[in-house]
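> Given next are the chains, with one letter for each unit.
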Amino acid sequence: MAEHYARAIWELVLRGMTPKKAVQAVHERLIARGRAALMPHIAKALERLAARVSQKETIVLSIARKQDEHKTLAQAKSALAGLSASRDEIEVRIDETLIGGWRLEGGEHLVDASYKMQLLDMYTAATAR
Amino acid sequence: MDSSVVEKIIKEIEGFTPAHESAHVGRVTAVGDGVVAIDGLSKSLMSEVVLFEQGKGKKLADAMQNEQGELYGLILNLEEDSVRAAVLGDTSRISEGMTVRSTGQVLSTPAGEEMLGRVVNALGEPIDGKGPFKDATLMPVERQASGVIDRKSVSVPLQTGIKSIDAMIPIGRGQRELIIGDRSTGKTTVAIDTIINQRNEPKDQRPICIYVAIGQKESKTARIVEQLRRERALEYSIVVDAPASAPAALQYLAPYAGVAIGEYFMDKGKDVLIIYDDLSKQAVAYRQLSLLLRRPPGREAYPGDIFYLHSRLLERACRLSEEKGGGSITALPIIETQDGDVSAYIPTNVISITDGQIFLTSELFNKGVRPAVDVGISVSRVGSSAQTKAMKAVAGGLKLQLAQFRDLEAFMQFAQDLDKATADQIATGQRMVEVLKQKNGAPLPVEMQVAILYAAGHQFFADVPVGNVTAVEAQLAEYLDGEHKKTLAEIKKSGQLSEDVKKSLNRALEEFRLAHSELFPSK
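First to last, the sequence lines map onto chains Y and H. With the numbering used here applied, the first sequence corresponds to residues 1 to 129, in that order. With the numbering used here applied, the second sequence corresponds to residues 1001 to 1523, in that order.
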């Protein structure tokens, strides 16, 4: 239930209502229906929804070592163009488990050029009887 | 790691060219009870297979030690900005936020000759420890059933080896015949005996048998596999197992995987016999999935498309035209009823889809009539056109005779007051019931059935005490098998009961009667 109210607030904001007004409108409706106790749950659901949307919009470039950043950005240029993202919109993260190479995640796209993925593929191909 | 793997890895490294993989992904937002909600994957298809990425954040060595293999899901709900998928494996391996990759493929199962004699799970993966399949073809689990033009009517019999069924409720290749009854009435036994009986068919005409166990105890399936192996029936059979301990999604998918494997053989022009044991449990698994997917519940909490669940499965059983190779799939679905209630939701659905039903009752079973087939309400709508002439000749009036006997049975307690005609009818009926009894795991070849029913129809057992009929029948079968092989072979070959064959049978019966006069005490 809280998820649905949170989504309603989100939709109201997307349609141009200010966040304050949207929350107020839902709050008034809840009071009228005697369900004001739902408000904290709605707030949490809204928080989760915002986190999900922000995660969706964030473009993350994972690399194994900090010093690889410039080289990787050049290598991942075409992949970045595919996501129509500029350099400033990218969040670079260090993930040592990648061993080398890079991994780009943004929205519903994933481009994996990490050594780990390639080594795993190699291992799977060799061990598949 | 053995040296061949090391060599392969060396070869892989030598031929290595750096590459990158692009994928359409989503993220797990909620997980529970075998169903996951996934944010994203907006371009995914219904029934598409998705892959859960388990290696993210793990070190290479840990990712390599993924002994349970890849984890897949099956998309079952497409929603406004998310999808819901059933997990085809252990849900505990999934965590919130996990990346899910689209594969762009609908679910398919391996199929091929090398699967004969093997036990596989609902995804077609071997679970009998005999190693993976090397040369299997992938068959789509969901496929449109063959159309009207591609089909041919049923004309070739499928012998079950069970006298009461082959005589009165005949089944043809390509037919769908429901086996229905309460628990412990011998439904599985009828199905397994049918599989075992196929060993009596010539190798080139023998159907490939597929036994799909849905929601069964592992011990029961293990016992069935062992029985098939012992009876040399496993060599032409495949067992698809989705036990009670398997996730609901796999129990729901198992029958479709089974029929997909069957279609591989049917497309090659072969005959296939498939047993679904049982579809009531599949319906329950689908109800569980549907409720978890928040689909609106209907009657008995089943979802609205429960009829379609079974109709699209059973429609895939058919006999193909000669242009399409002439293969067939004969389906024997099993439904378990509660307290003999055939008017419940699922039984009525499946009864209306199939081409007839074999109804087994607890009452007959407890009376010792086994197989406990109630011939009064059992019916085969298309099988009679596939019955051999010989069987038709001996089984013609059998159903009516038994129905009349059941009506008169109530008067048996007043036996002394009955007129001679009624008493005779009851005596004949009692002996016929005894003749139709059969032991578990002992199917009879069709020619032997014809000979025994011919004898019964000609009052051969009239002088035998009712309690001895089964024993005398067994001795007669042994005698015919030993001394009159030629006559039996002629019945099998021609499928007819010619005058010469009748004469031979009469002679054989007379010889047996003379040789075993002690078995026929005069009234």
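Check each hint, because a few of them may be wrong.
Stated by the list, open to error - Some but not every residue of chain Y turned toward chain H, in silico, with C-beta under 10 angstroms:
#1 Ala-37
#2 Leu-73
#3 Lys-77
#4 Ala-85
#5 Ser-86
#6 Asp-95
#7 Ile-99
#8 Glu-105
#9 Met-117
Stated by the list, open to error - Simulated crosslink set (DSS-like; lysine-lysine; CA at most 30 angstroms straight-line):
#10 H:Lys-1270 <-> H:Lys-1220
#11 Y:Lys-71 <-> H:Lys-1503
#12 H:Lys-1152 <-> H:Lys-1130
#13 Y:Lys-71 <-> H:Lys-1389
#14 H:Lys-1485 <-> Y:Lys-71
#15 H:Lys-1220 <-> Y:Lys-44
#16 Y:Lys-66 <-> H:Lys-1486
#17 H:Lys-1503 <-> Y:Lys-77
#18 H:Lys-1152 <-> H:Lys-1220
#19 H:Lys-1389 <-> H:Lys-1486
#20 H:Lys-1270 <-> Y:Lys-66
#21 Y:Lys-56 <-> H:Lys-1056
#22 Y:Lys-77 <-> H:Lys-1058
#23 Y:Lys-77 <-> H:Lys-1059
#24 Y:Lys-56 <-> H:Lys-1011
#25 H:Lys-1043 <-> Y:Lys-66
#26 H:Lys-1011 <-> Y:Lys-44
#27 H:Lys-1058 <-> Y:Lys-56
#28 Y:Lys-56 <-> H:Lys-1220
#29 H:Lys-1220 <-> Y:Lys-71
#30 Y:Lys-77 <-> H:Lys-1486
Just so you know, the hints here were simulated from the structure itself, not pulled from any lab data. For every residue, glycine included, the Cβ atom is placed at its ideal position computed from N, Cα and C.
> All the hints need checking, so say for each whether the structure fits it.
Going down the list of hints, with the structure as the test:
| no. | hint | verdict |
| --- | --- | --- |
| 1 | Ala-37 | violated (23 angstroms) |
| 2 | Leu-73 | violated (14 angstroms) |
| 3 | Lys-77 | violated (12 angstroms) |
| 4 | Ala-85 | violated (15 angstroms) |
| 5 | Ser-86 | violated (20 angstroms) |
| 6 | Asp-95 | holds (7 angstroms) |
| 7 | Ile-99 | holds (6 angstroms) |
| 8 | Glu-105 | holds (7 angstroms) |
| 9 | Met-117 | holds (6 angstroms) |
| 10 | H:Lys-1270 <-> H:Lys-1220 | holds (29 angstroms) |
| 11 | Y:Lys-71 <-> H:Lys-1503 | violated (96 angstroms) |
| 12 | H:Lys-1152 <-> H:Lys-1130 | violated (38 angstroms) |
| 13 | Y:Lys-71 <-> H:Lys-1389 | violated (83 angstroms) |
| 14 | H:Lys-1485 <-> Y:Lys-71 | violated (85 angstroms) |
| 15 | H:Lys-1220 <-> Y:Lys-44 | violated (49 angstroms) |
| 16 | Y:Lys-66 <-> H:Lys-1486 | violated (88 angstroms) |
| 17 | H:Lys-1503 <-> Y:Lys-77 | violated (91 angstroms) |
| 18 | H:Lys-1152 <-> H:Lys-1220 | violated (36 angstroms) |
| 19 | H:Lys-1389 <-> H:Lys-1486 | holds (18 angstroms) |
| 20 | H:Lys-1270 <-> Y:Lys-66 | violated (62 angstroms) |
| 21 | Y:Lys-56 <-> H:Lys-1056 | holds (17 angstroms) |
| 22 | Y:Lys-77 <-> H:Lys-1058 | holds (26 angstroms) |
| 23 | Y:Lys-77 <-> H:Lys-1059 | holds (27 angstroms) |
| 24 | Y:Lys-56 <-> H:Lys-1011 | violated (39 angstroms) |
| 25 | H:Lys-1043 <-> Y:Lys-66 | violated (34 angstroms) |
| 26 | H:Lys-1011 <-> Y:Lys-44 | violated (53 angstroms) |
| 27 | H:Lys-1058 <-> Y:Lys-56 | holds (22 angstroms) |
| 28 | Y:Lys-56 <-> H:Lys-1220 | violated (49 angstroms) |
| 29 | H:Lys-1220 <-> Y:Lys-71 | violated (61 angstroms) |
| 30 | Y:Lys-77 <-> H:Lys-1486 | violated (83 angstroms) |
In summary, the structure is inconsistent with hints 1, 2, 3, 4, 5, 11, 12, 13, 14, 15, 16, 17, 18, 20, 24, 25, 26, 28, 29 and 30 from the numbered list given earlier, while agreeing with the others.
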